[in-house]
Amino acid sequence: MINFTVGPVQSPEEVRKIGAENVPYFRTEEFSEVMKENERLMLEFSGAPEKSRAIFMTCSSTGSMEAIVMNCLNKNDKVLVVNGGSFGERFVQLCEIHSLNYEEIKLNHGTALTRNRLFEYDNKGFTALLVNVDETSTGVLYDVNLLGEFCKKNNMFFVCDCVSSFLADPFSMEKCGANVMITGSQKVMACPPGVSIIVLDPTALKRVEENNVMSMYFNLKSALKDGERGQTPFTPAVGILLQINARLKSIKASGGAKSEIDKVAQQAEDFRRKIKELPFELVSESPANGVTPIHPLNANAYEVFLCLKNEYNIWVCPNGGDMRNTIFRVGHMGDLSFKDNDALIEALRDMQKRGLI
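Heads up, the sequence shown is in our numbering, so the first residue is 660 and it goes up one at a time.
Among the clues, some could well be false.
Restraint ranges, calculated between C-beta atoms of paired labels, are given here [said to hold, decoys possible]:
{"no.": "1", "residue 1": "Leu-956", "residue 2": "Gln-752", "range": "51 to 57 angstroms"}
{"no.": "2", "residue 1": "Lys-710", "residue 2": "His-954", "range": "41 to 47 angstroms"}
{"no.": "3", "residue 1": "Leu-1015", "residue 2": "Asp-921", "range": "32 to 38 angstroms"}
I should point out that these hints are in silico values taken from the structure, not numbers from a laboratory.
The beta carbon of each residue, even a glycine, is placed where N, CA and C say it ideally should be.
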């Protein structure tokens, strides 16, 4: 099986090896040192400003999205949400659940956010902006520097869901002015799902401290306090955190964030060049490196996914909702090679010969 999904992705041997070991006890000095190293490397790779902190949550990244909405926003905020697909819609749903005052910038699937469209909301009293930097359902990469400029001009709190873009696309919290970055273990870090990481700058830390959160598990105050000693308030996904440590150290040894971003970008470019001869349309106006959304011109997208899985032993990523039958996605994250791209292209060529696409 070759896995071209957008998470969980294929893991390198060093990560898989740790997954085969017994999980150690974690209330120890040794595990605390691992967690402190994880935090240092996450702050480095995210380009976080001085005195930022990283929190490791045992949950999916949606849990961290909700934790940020609960801990950093309140009913005094007026929130602007960029909604260009399934994950932008998730931020909208979270604002509704937590009774926040919000408006959404609703974008068509695959559409980039332009300066003119964004600045329609200039000087309208917004206090916070939520964006999925790579809208994974459509593969659109938003311009974080443009968004950061807008937030700085309007004195807005800036939250970036970088779940699929962290270490896949260039990003620096300090450069773009982001106050929060969220990512997950199962994307470019190529570890099993189950851990999400939140990076908070000093402004975000102040918001966490000032908000009164009616939650035990998602109260970030306690996570930050325990994190000072390299621990977590509750039992974490110990094995995955050890895998994250190995992966972060490997990325550091291989040249750091830029080297990993270049690797993902090259994998994406190779695939996109090779698929041009086939009857597909690439749907994103501003494509992210981590994923290529594809519209089959002569076939049902979900049927393409099923055929590749059942007959060619290759996983691509289907979509849901109103994109289920029109768009499937090919990921470029994890332990993939150009030869893997060739195998997928050959399978698609064979499907074309059979009249399936």
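So, going through the hints one by one against the coordinates:
1. Leu-956 / Gln-752: 51 to 57 angstroms: Violated, at about 33 angstroms.
2. Lys-710 / His-954: 41 to 47 angstroms: 45 angstroms, holds
3. Leu-1015 / Asp-921: 32 to 38 angstroms: For Asp-921 against Leu-1015, whose Cβ atoms are near 35 angstroms apart, the range 32 to 38 angstroms holds.
Hint violations for this structure: number 1 only, all remaining hints satisfied.
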